[in-house]
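There are 2 protein chains.
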Amino acid sequence: MALINENYFKLKAGYLFPEIGKRVREFAEKNPEKKIIRMGIGDVTLPLSPSVVKAFRDAVDEMGRKESFRGYGPEQGYAFLREAIAVNEYQNRGINIPADDIFVSDGSKCDTGNIQEIFGNENVVAICDPIYPVYADTTVMAGKTGECGPNGYFSGIVYMPCTENNNFVPDLPKEKVDLIFLCYPNNPMGTVATKKELARWVKYATDNRAIILFDAAYEAFISDPSIPRSIYEIEGAEKVAIEFRSFSKTAGFTGVRCAYTVIPSTLVAYDTQGKSHPVKPLWARRHSTKFNGVSYPVQRAAEAVYSEQGKRETKEIIAYYMENAAIMKRELAAAGFKAFGGENAPYVWAKTKNNMKSWDFFDKLLKEAGVVGTPGSGFGPSGEGYFRFSAFADRTDVIEAMGKIKALFK
Amino acid sequence: MALINENYFKLKAGYLFPEIGKRVREFAEKNPEKKIIRMGIGDVTLPLSPSVVKAFRDAVDEMGRKESFRGYGPEQGYAFLREAIAVNEYQNRGINIPADDIFVSDGSKCDTGNIQEIFGNENVVAICDPIYPVYADTTVMAGKTGECGPNGYFSGIVYMPCTENNNFVPDLPKEKVDLIFLCYPNNPMGTVATKKELARWVKYATDNRAIILFDAAYEAFISDPSIPRSIYEIEGAEKVAIEFRSFSKTAGFTGVRCAYTVIPSTLVAYDTQGKSHPVKPLWARRHSTKFNGVSYPVQRAAEAVYSEQGKRETKEIIAYYMENAAIMKRELAAAGFKAFGGENAPYVWAKTKNNMKSWDFFDKLLKEAGVVGTPGSGFGPSGEGYFRFSAFADRTDVIEAMGKIKALFK
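These protein sequence lines map, in sequence, to chains F and A.
If you want my numbering, it's the 1-based position in the first sequence plus 183.
If you want my numbering, it's the 1-based position in the second sequence plus 183.
Treat the hints with care, as some may be off.
Taking lysine-lysine and the BS3-like style, the derived pairs with C-alpha atoms no more than 30 Å apart in a straight line are [as the list claims (entries may be wrong)]:
1) 540(A) with 550(A)
2) 379(A) with 249(F)
3) 237(A) with 237(F)
4) 550(A) with 237(F)
Hints listed in this document are in silico derivations from the structure and should not be mistaken for laboratory results.
What you are looking at is a predicted structure, and each value in this text was computed from that prediction instead of being measured.
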């Protein structure tokens, strides 16, 4: 008798973003005439930049000629891309990460979920609350947790609340934890971590032989030079941290699919006898057994992000979104909202008014202003009463949406 | 303390194909002047067809224009591609599979490995021997097995030997099994399954409430109309089988990455109480939580395979490879080898001479003829003494390789 992985039954109904999509579709069908401004799913809106499109096209043409056609590529990614990443993202910033420690993939969502497979189910996972839902959901699917309690917490996961009380900076867990998901710049709160805060985490991981799973998908949006863009800017992190990066938000690759994960050769995990083992070969084995590499033309497109022209174009794209964030933060404040983040991250985290619940605020905003955001409670119990606005939108839409919100709440 | 998933320690050294790559690289470095003919990894050699390249390019251009740019797509795949697959691969052949039962992915290798996540570890997995190594390796990684015995079999997996004695047709397992991996046309043996044989499996699965994981990655190479190209040609299969298909070999997508998995709404698995549950929602949840969809331009390229021109081009590509297979089979026979398969599949399965071991034969062929094939033992213990030749090669290379083999073994 074929048995189901019953851990799936523990998961809460829909994954957040499909649920938002469903409510928006239903509203749009009922109100075909109403304009809807989407600032919800955090999907980019600007097209691929010219240098990226050119490299992408050229690689497609290569695939159409016998002499330049390429079949299976290296599962870990082509050297040309891994080299470009190592040099531009790390070595040029004084961080010693060789190309060989970089694994190219089709998305950070996939990597942050799949990485759990190489770690045992006895590990205690720590995650912030609120946070990107994939960390908790994949921990549940893997069987590392018990049921979900009435408080919205899965037993077995150590949650680290991030609220106004602790200025959205999580305390170190009192319990001993083994795998720690951190996301900076933070999704959904738009907050960033200082060197001092990250150093505290690296020390905790070192002292407890834990591993930090560091999601840096939004690092490109950091403009403050004092804020670390990589966990490896912290001494000792190369022994205790895995870093996840993506081209999705940086270069508009959400529909193109390219990301990468860094696993330094110096990173170790342990067997039940306490003997240490390098983690990189395990991920290499998983990667080469369950993955077949990223589409070749996509890897060429990603490589072009690091050309001189590509860098200029990417800078402009990021500046555009960050100007959106500044406008949103200013206008939300003007409308009387407490708004956080949005300075080194493309998300603004706003407190709803009169303690309105996140989903009620979502429905009110959708129905009365035609604006779609993301309910904070979808990111965890501590997100209740908050709302995420994404800066990935058209400038005129941002201005229009903010005008409508001001009119609605003033 | 971060603990490793120790199931990984059970795995045998390298995954087969990286090991072949390593030996070939080492030989090439030592003998830079020697020509090497690759018929090993089973990677396609013909370029993408013109209609595929055009659709691919056009979609890349769309991504470069604001008005036609697309970000995140549906995780399950765009409707345009799922519809094209449903109509052309199934409905036009009288098989009732709706687009909604099709999940587009970046590879069958990924899907056949990842599918295990939605099933409990108590399931007993049955696989043929020899077979594509990913089925066993991912079963081990998932923790569904014990250690690997001296016979090369992992305890907990039920192996079904395929040898000359049973004409390479596996017997039904005597033990009760829950998940059954079948691959037809077969990799590595190039054999196919008749309707009668598949009906026997569907009956077994129905009687035992088991699920068949049917890998049909090579269905396009079937020319004999009496041979089923889909498990769903068998009555009742829609209740007990998942089918995996790929564009890799059919349309030369090994470096482009696009495949799909069919999970009929009528397929059920069970909880420990024996209550049945539809499998499709579980895979949908996994897919939307751990995957972000296939690159949009890649999905447009795959759609073009089903255009009238695309169909003609694909037919020609397949005919080219199958002519290679016919030449290989004829010449290997002329060289005194017992050769199997190669008629409705792109692989020829040859018995080595004088009971030479598969890897010895590999080394001899590489060093003395510069020809790379795949050692049968790499696909399982029953593959020992056999060798796989791939028809995915240049015609002149095939003829040259066969000439060298004849010279070497006559």
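Which of the listed hints are broken here? 2, 4
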